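Colleague: Next come the chains, spelled out residue by residue.
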Amino acid sequence: MEDMQIIELYNARSETAISETDAKYGRLLHGIAMNILSNHWDSEEIVNDTYNKAWNTIPPERPNSLGAYLGRITRNLSINRWNERRAKKRYNGAEMLISELSDCVPTVQTIDTAIETKELTKVIDGWLSTLSSDDRVLFLRRYWFGEAVSSLANECGISANKMAGRLYRLRLSLKKALEKEGISL
Amino acid sequence: MKEKKIFDALTFIREEYIEEARTTRLKKQAMDWKKWMAIAACTVIVIGASGALLLKNFFPFGGNTGSGGSGHGDSSTFMSYAGPVFPLTLSEPDNTITAARNIRYDFSLPNEESIRVWGASVKDSYTLTNSSSEAKSMEAIYPFAGSFNGLQKLIPAINVNGKEVLPTLYAGGYSKKFTGARGKKDPAAAFNILQLDSWESYKSLLEDGGYQSNAFAPYPVLSQQVTVYTFTDFKVPAEYDAATQAISFTIDPAKTTVLLYGFNGVEIGDDGFRRYSYFVPNGVRRDSNLKLLIVIGDDITDYTLQGYKNGACERGNELEGVSATVTRQERVLSDVISELIDHFFDEHDYGNSLDVSKEMFLGAVSEFMVQYGLLSEPVLDRYQYAMMEEIISEVYNRKRVFYLKFEVEIPAGGSASVTAGMHKNPSFDFVCSGSDNEGIQGYDMVTRLGSNLLFDALTAELTSTDRIEIVRQNYGFNLLQGITRVELDPAEEHYFLEIRPIEQKRK
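These protein sequence lines are chains A and B, in that order.
Everything in the first sequence is counted per my numbering, starting at 1 for the first residue and increasing by one.
Everything in the second sequence is counted per my numbering, starting at 1001 for the first residue and increasing by one.
Pulled out of the complex, with its shape left as it was, chain A reads as follows:
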């Protein structure tokens, strides 16, 4: 079913909206949650919470890109859950993804106060726009969707080591962009 039709089901308050959403996006959303949480049951719960959030927000919102809209909710809910669990030392999940991103942390020291998340997003958006479509897709499939390096390497037809190198270069590029902006984290 097309996104527009699913959104119409939400607008009509038809509960079929949830089953249609699940049929089309359930796997994607579960994948996003799993890649952050590494826990099947928590991921399942997060996906259900995502549907609940979608039900409560559409309408009035009317996302044209339902996949991106739901994915963003899932990612955010998963990070919140990860934060809770990590505090209780329950599991690692996104630990690997986050540790890779330490390569991006600027080394510049500024007197600026730490940047807000949203300002940081804006700078990252700007950096992403400088990348080729292929590099941008690669970076986001690793660090937004949390896909494994080996599966990305397989898709590109290169070795995992080579893929790790390519990702490393992208992380350094982001670091450079953040430093250029004088970002202090």
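Treat the hints loosely; a few may be bogus.
[What the hints assert, rightly or not] In the BS3-like style, the derived pairs of lysine-lysine whose C-alpha atoms are separated by at most 30 Å in a straight line are:
hint : chain 1 : residue 1 : chain 2 : residue 2
1    : B       : Lys-1153  : B       : Lys-1163
2    : B       : Lys-1005  : A       : Lys-176
3    : B       : Lys-1005  : A       : Lys-180
4    : A       : Lys-176   : B       : Lys-1002
5    : B       : Lys-1002  : A       : Lys-180
6    : B       : Lys-1136  : B       : Lys-1123
7    : B       : Lys-1163  : A       : Lys-162
8    : B       : Lys-1203  : A       : Lys-180
Worth flagging that the hints you see were computed from the coordinates, not collected in a lab.
These figures come from a predicted structure and were not determined experimentally.
With the hints as your guide, set chain B onto chain A.
Modeller: For chain B alone, coordinates are given in the frame of chain A:
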């Protein structure tokens, strides 16, 4: 943990990037990196199977996102900014005409099924008084913020002396602002559009009056003869679902410009070498079946067609059995673009959503091409690949200011009333953004920007306020004390109102 900040911040990147990553397969890297270095003179761009570069412009937040949350003045900067309500103006200034303005925001529920307020019904009313001894017949202009996408819902209804009039609609041009990849700190390049993401950005666009004057100027007509190469009758071995066909040739860039439609890949060599490629339609992929190559200026003299196993157009990756019939025609550019617009909207199921005449939209596309892309001098970085889908979609989706022009008669020593009624969408931050402003709706108005009227009174009022609470404002309303009508200072440039809906329990 500093890196966690980056991980968290990624959640809120532009939606088109998420969609692009979700729907695009990575390019196969069949060629060794060092070999790539050997052909470093070539710039390569490949667009994903789903035409992600094109799709990026179709999302409601696409390119419209501000950083959100942080403020400017005492008001907030929202992730999605709806634009302010502008004041009425006259086509010619007249110091014998004064105006009293009242703006009313009504926060009724959108419909019976709604559980929360979304947007406001705005009535922006003016009493124009003529202090001279002669009757005045003048053209009034009412500006409003919007885009061609979803325009019908945004167009204000205009009443003059209580009677609805049918004004003429004019579209302002592009926001005119581009920056480099690092945003405002990199003004020299032109990869990014500087978004209209705050009332100040509209101020910078409108305050010198040039934008409005251009909006009323006739559109350019692209009457030049061009050569069009159309690709049809595609053949491809069934087992290759990303088989690609490339056409390559060499041009003198000073004498030839090439526009594309339906293509996915571009290679631009410094020596005039060009290779354009598309995934061959196989009835499964969702790519466009219409593939056009439009040559402006000197025609291409010699070209080569070659099939490849996938989007990597390189030695060793060739594929036999890929073919298409190429037809050459000489045509007028505006006719070709007109057909592309039709195809574009049919292809994306937006057939009924062009809320203006085809001529107007074609004019806007033509204007855009002359000013910023493909036919401009120099071509902006953002449009260097000359993909017509991107141009059409940019023109369709990007924010601009529209103008409604209509006649008003004001008797000597008398007055006339003008009212603009509209549904105003709110500015807001995304669900789950974690922003302090999540769930808050922002409504801006400007008092003088773009107007030559002399305002001697300005008031504002709120109605149907039982389902909202005010979070921030500079009007002076106080719902608890029942203060829902206030006098404003016409000298204050900007008023803002930020509300939080109070959710109703479902019956």
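Colleague: For the pair supplied as a hint, Lys-1153(B) and Lys-1163(B), confirm whether the alpha-carbon distance does not exceed 30 Å.
Modeller: Holds, at roughly 20 Å.
Colleague: Can the restraint linking Lys-1002(B) and Lys-180(A) be considered satisfied, given a maximum Cα separation of 30 Å?
Modeller: Distance of about 17 Å is within 30 Å: holds.
Colleague: Within a Cα-Cα threshold of 30 Å, do Lys-176(A) and Lys-1002(B) meet the stated pairing?
Modeller: At roughly 15 Å apart (the allowed maximum being 30 Å), Lys-1002(B) and Lys-176(A) satisfy the hint.
Colleague: Between Lys-1136(B) and Lys-1123(B), is the straight-line Cα distance small enough, at 30 Å or below?
Modeller: Distance ~25 Å between Lys-1136(B) and Lys-1123(B) Cα, so the pair holds.
Colleague: Regarding the pair Lys-1163(B) and Lys-162(A), is the alpha-carbon distance no greater than 30 Å?
Modeller: Between Lys-1163(B) and Lys-162(A) the Cα gap is close to 70 Å, so the pair fails against 30 Å, i.e. violated.
Colleague: For Lys-1005(B) and Lys-180(A), compute the direct alpha-carbon distance and say whether it is at most 30 Å.
Modeller: 18 Å, holds
Colleague: For the pair we were handed, Lys-1005(B) and Lys-176(A), check the Cα-Cα distance against 30 Å.
Modeller: Roughly 16 Å between the alpha carbons, so the hint for Lys-1005(B) and Lys-176(A) holds.
Colleague: Lys-1203(B) and Lys-180(A): Cα distance at most 30 Å?
Modeller: The given pair, whose Cα atoms are some 29 Å apart, holds under the 30 Å limit.
The structure fails to meet hint 7 from the earlier list, while all remaining hints are met.
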